[in-house]
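A.B. asks: The residues making up each chain are set out below.
4 protein chains.
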Amino acid sequence: MSEGPIPKPEKLPPLTRPTEQQGKPPIPAPPDRRVGFALVGVGHVALEQVLPGFRQCERAKLTAIVSGHPDKARDVARQYDVPPERVFSYEDYDRLKDVEEVEAVYIALPNDMHCEYTVRAAQAGKHVLCEKPMANSVEEGQRMIDACREADRLLMIAYRCQYEPHHLAMIRLSREQAFGELRVIEANNGQNQGNPNQWRLNLAEAGGGPLPDVGIYCLNAARYLTGEEPIEVTATNLRNPRDPRFQEVVETTTFTLRFPSGVLAVCTCSYAYHETRTLRVLAERGWYELNPAFSYADLRMKVGYAHEESNYVEERRLPQKNHFALEIDHFADCIRNGRKPHTPGEEGLQDLRVIDAICESAGSGRPVSLPRVEG
Amino acid sequence: MSEGPIPKPEKLPPLTRPTEQQGKPPIPAPPDRRVGFALVGVGHVALEQVLPGFRQCERAKLTAIVSGHPDKARDVARQYDVPPERVFSYEDYDRLKDVEEVEAVYIALPNDMHCEYTVRAAQAGKHVLCEKPMANSVEEGQRMIDACREADRLLMIAYRCQYEPHHLAMIRLSREQAFGELRVIEANNGQNQGNPNQWRLNLAEAGGGPLPDVGIYCLNAARYLTGEEPIEVTATNLRNPRDPRFQEVVETTTFTLRFPSGVLAVCTCSYAYHETRTLRVLAERGWYELNPAFSYADLRMKVGYAHEESNYVEERRLPQKNHFALEIDHFADCIRNGRKPHTPGEEGLQDLRVIDAICESAGSGRPVSLPRVEG
Amino acid sequence: MSEGPIPKPEKLPPLTRPTEQQGKPPIPAPPDRRVGFALVGVGHVALEQVLPGFRQCERAKLTAIVSGHPDKARDVARQYDVPPERVFSYEDYDRLKDVEEVEAVYIALPNDMHCEYTVRAAQAGKHVLCEKPMANSVEEGQRMIDACREADRLLMIAYRCQYEPHHLAMIRLSREQAFGELRVIEANNGQNQGNPNQWRLNLAEAGGGPLPDVGIYCLNAARYLTGEEPIEVTATNLRNPRDPRFQEVVETTTFTLRFPSGVLAVCTCSYAYHETRTLRVLAERGWYELNPAFSYADLRMKVGYAHEESNYVEERRLPQKNHFALEIDHFADCIRNGRKPHTPGEEGLQDLRVIDAICESAGSGRPVSLPRVEG
Amino acid sequence: MSEGPIPKPEKLPPLTRPTEQQGKPPIPAPPDRRVGFALVGVGHVALEQVLPGFRQCERAKLTAIVSGHPDKARDVARQYDVPPERVFSYEDYDRLKDVEEVEAVYIALPNDMHCEYTVRAAQAGKHVLCEKPMANSVEEGQRMIDACREADRLLMIAYRCQYEPHHLAMIRLSREQAFGELRVIEANNGQNQGNPNQWRLNLAEAGGGPLPDVGIYCLNAARYLTGEEPIEVTATNLRNPRDPRFQEVVETTTFTLRFPSGVLAVCTCSYAYHETRTLRVLAERGWYELNPAFSYADLRMKVGYAHEESNYVEERRLPQKNHFALEIDHFADCIRNGRKPHTPGEEGLQDLRVIDAICESAGSGRPVSLPRVEG
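Chains as they are written, first to last, in the working numbering: chain A, 2 to 376; chain B, 2 to 376; chain C, 2 to 376; chain D, 2 to 376.
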């Protein structure tokens, strides 16, 4: 890594008056100062989101590709300027140990591979940024945390929303009680799954249906908006065995989380309805929402409250940033500065515990209690 | 009632091209051809909604006032051109029997008075339009139906949304499966109740908390959108005894209805968060929603689907009509033409049965099954 | 007129917390305390707007009909509870003098009849509420003012927007310079005229094309938003003689008004494009707009400004009121209390002067100056 | 440039049903297959827009920096991975001739430098992508075209909107007359200029005020929406010499363009009101608009028309793409394939001619005719 100071932001006199938004130049770190990542897996999320995200990173850079499809991996490597010698198969994966250009891995594999490839990365001395859900079981999740701790490597779960301006604004409104106490959270994340053979519909690979894949966004949001851990879960599953897609996984799950402060979070996730991704907070003196809330881009925030004779419904148009670049850069900063990431393995593990409780409640038809957690 | 034909709509040459909305003159029936109503109760909904609604009716007219507050009733009568001799106390109520200017009553009393005043009206030979919830128990509801049947009078429950253009458009999209099969319905109806002494917070008068008062809109909507009756209910209550408002009634109730076709309706109602009234249908190929959905005015409808490279989010701006005038005119038409109203007593009774099941589930923490109903 | 106090508003304890909009019951005056109006003309605006407006008045009532179509007038009278003896032809019009139930007239005739029927009404001792444009020439307008002054009767021009909550909110933001000084106003009012035989397309009857009919809303709005009178006008006409509708009147007019403070108002009106009615103020630190702005109902207000990292676009949902009821009630109040109306004849006359200047500029291709006016 | 086929797009089975938007992976060309650009100028637009744009290019890459500020240039070069030997001063600029890594230049200099640096680039054998306005005079613009023709180099003007999905959709609706014939176009582009010393407010450097800088977007849009050239211009300037910012340039210009088909374009541009950038087409059977229209990001498209009882207002959410990456990639493709760019020098020259006519009309207070142009 080269020496010398990192270039500073350029100071230009502002173009417009302070009552208008000012342009802000990005200040990318020089490539030789960035953290090198290997991307592990080149499926949908990798090709459509993670790779374009890397191109907008300011602290991280893509330096290697790991894939089970050598031709595809080679093509992707050429496209993204990764030299051919840094394309690895799953078998070669442990050889990353000796590749100093790789300081960290981004794991974008099917859910059932998260644990193994996290553990092997840690053992190869690499920091790990792993897609959600962290794993298919609490036990696996714990193993990942332990492996990283033992190897003294950082582990972060890719909860991209927690690094994104709209969700951060929702969190701030909630923590500041800008509209009074929160009473109810409504969240919804669903899409109409297309391909009956996709791994998301295979129970062994996916570890579940819409709940761990898309419902986890609702669950995670309820936790970061309240800053609390749920103490009770009630859930209902919809199975739809006549549909060939839903032979192994359920079609739709709805669940209600009860939080210590009395907030109820009412959540729905599905693989059977048209793409819908919403998050709404109902507070004492107003409401605020994202719709879409969990999409990769173009989130929209609205806030509603009464003022004099009017009901105000504000759209707050925040900067649209690449979610993946934001989270990858956060992890790169943590690596450089030896800080624990904002969404460490423990954050992912807690979601797995709640997912277990949701599944139990949906199966038994009874509310399931969760232990009170401090902080 | 005077003779002669009812005036016809005036035909004017259109002002604008057919690709623009054309103005439409109302065609009110002459007052002597209309159905005369006594308004029973002059509380919030009567003063703010029903009375202004009568002024926009085209088939009905206000001809009497019944109230427990003689001064208020007298003032209201003067304002709305009701002669002083047609102002009645609760004790006088049965004297309506001899008042030929009154063919029907609109009951806008606290819930626990609905049954008695419906039965007495029927016995006085008057048709009854009764506010929702129909009654505080299934037994009361049945009694009301029986009393009207015995007296050969019509009974209608004031489910105003079922007469209103936006909800009718939602129903049509659902029945025509314009965006494929329905999968999930999300509904929410809540407000931040202000006055700890209001009858809505008194269990004996209200017969329940937010569920029979505002949650009933969600429940009723799920039924008219699907055209089905729920077969299973799961519910969660939030009690908040630290708040003086919630000594007798619960603060918030969430409930999930399962319908025979597999649709799940996820509903929330509350007296503790800022006014929020929404209804959304998630179907296979799109979604459609009202927000606000259950307010008295200014409903807004949106429809979302994908088209080519775009996601279309359409606002469909329909005519804003006075909900109360629409439902009162419907009942007046039914009376004139001897037809059963679209939302008869049986419609209200079915909601009471589901409300009972919701309460049972919230209490027991178990799903409650409901008998399958044909039609 | 009956004696005794007018009933007061009913005081009910508020239903919801003060941070929600409270329901507000109307407080209609008893019919015997209201000002009686004769409606003169039963064309589009009368049937579709003015008559329904009267039904929502609180201080005025409809007591007579004047029309050149006796059958239509008789039908309308029956529908709106006007006794047959108070239906008048144009020839009978002066007999209103002896009809004490009529204190004022609402003139909803083609533009070229405004002057005559205003003068005759004043001479019959009636106050006059006249549709816009006041007349087809400045000379006619002055004659109307003079006739009412001589007869000691009030004259009001039906600029309904100036009585309506959304426009009042726009005016308040402008006068308070809530977003700094106004710089530019953009206004647009147009519709796709349907019927080549409609009087609006006949120059003699209409007195002009889209400018006096719909463009006058833009012009009037620019004046009431700034509170100033324009000092210079530049205009462009689009004639379209190939279209049978535009043999006598122009298709589209655009005009720019320059105000003493430096504000420019850029306005467009047309009979050839799809209904569009917008009004936007561009100020130093934000913008605010109505869209639709000049429609009869469902106006929508938005406000935009920057705040921290966001651009806020607020929809301010104000109460939707019947514009015609508001303006008629205002005039009734003026009559009862001997006050000059907010939009007297002089307000209409000033618009006619500016319309003359616009026509002159469009004809000559040169800017036309207007005299500076105080106040 | 390396040999071998360019990698193809990866084919993955679709994740969702065809009625949902499908994710689309970008297919960047390998860096060694891309066109190398020198960025000339590192002011606001370069730092905030062009440089981030290059990072999202798929066919182009940044290979050199030209600037009058050596320190800033060196920092930027490090940030964007440009080797120090490819940082040039204005004096060194002609040395680009010998730099084979540079095939083209992107000129992001103050307007008065566009001509010189285009001519010198062409003479150095480089293709030129030049910011709008192309130059400060028609004569300069013609010189730029001639120089590139003589050097057999391509010249493109950076009309980014013409490469961007929302504007392309507006063009398609217009050309297909999806809502009938166009009648009026309304366009507005303005911002509240902040710094009295900025070169945009200096007449010699900027060549004009808001018109060539931001008004040019309105003008260009009117031309590409209609596909016609204006035949008459009427304009009004607002000078504001009391404001220190407007000593040399005007504050606001409004202008109306008349097109051969009868369409009128009503345009406003300013340096004195809060950021507002809108574009609306008023057609016979509907309207469609962008708001914001000319911003760098987050454009929004709406379409309005009548359908049955409703007015539909559709938001069509199209993919948000980086405008600069799109236009740079277009130019790179043209260079690779020897095609003339979609917005060549002649496109920029025509805008300069119309700008001249607008200035003349604003000065003389008379309409100015422009020659009819074919195609």
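Honestly, the hints are just simulated from the structure, not real lab data. Accuracy of the hints is not assured; some may be wrong.
Since the list gives no way to pick out one identical chain from another, each pair is judged satisfied if it fits inside one copy or across any two copies.
As the list claims (entries may be wrong) - Listed next, the in silico DSS-like pairs over lysine-lysine satisfying Cα-Cα at most 25 Å (straight line): (1) Lys73 / Lys12; (2) Lys322 / Lys25; (3) Lys341 / Lys25; (4) Lys322 / Lys303; (5) Lys98 / Lys303; (6) Lys98 / Lys341; (7) Lys12 / Lys98; (8) Lys98 / Lys25; (9) Lys341 / Lys12.
A.B. asks: Quick one: Lys98 to Lys341, C-alpha cut-off 25 Å, is that within a copy, between copies, both, or neither?
C.D. replies: within (22 Å within a copy, 50 Å between copies)
A.B. asks: At most 25 Å between alpha carbons: which applies to Lys341 and Lys25, within, between, both or neither?
C.D. replies: neither (28 Å within a copy, 33 Å between copies)
A.B. asks: Taking 25 Å as the upper bound on the Cα-Cα distance, should Lys322 and Lys25 be classified as within, between, both, or neither?
C.D. replies: Cα proximity of Lys322 and Lys25: in one copy and across copies (12 Å, 18 Å).
A.B. asks: For Lys322 and Lys303, with the copy left unspecified, which applies at a CA distance of at most 25 Å: within, between, both, or neither?
C.D. replies: both (18 Å within a copy, 23 Å between copies)
A.B. asks: Checking an output row: Lys73 and Lys12, CA cutoff 25 Å. Within, between, both or neither?
C.D. replies: The answer is between: 10 Å across copies meets 25 Å, while 43 Å in one copy does not.
A.B. asks: Given a CA cutoff of 25 Å, do Lys341 and Lys12 count as a within-copy pair, a between-copy pair, both, or neither?
C.D. replies: neither (32 Å within a copy, 37 Å between copies)
A.B. asks: Go through the copies and call it for Lys12 and Lys98: within, between, both or neither, with a Cα cutoff of 25 Å.
C.D. replies: Neither: 41 Å inside a chain and 31 Å across chains, both beyond 25 Å.
A.B. asks: Go through the copies and call it for Lys98 and Lys25: within, between, both or neither, with a Cα cutoff of 25 Å.
C.D. replies: Classified as neither; 38 Å inside a copy, 33 Å across copies.
A.B. asks: Check Lys98 against Lys303 for me: Cα-Cα at most 25 Å, and say if that holds within a copy, between copies, both or neither.
C.D. replies: Close neither inside one copy (47 Å) nor across copies (53 Å); limit 25 Å.
Of the numbered hints stated above, those contradicted by the structure are hints 3, 5, 7, 8 and 9, listed in ascending order.
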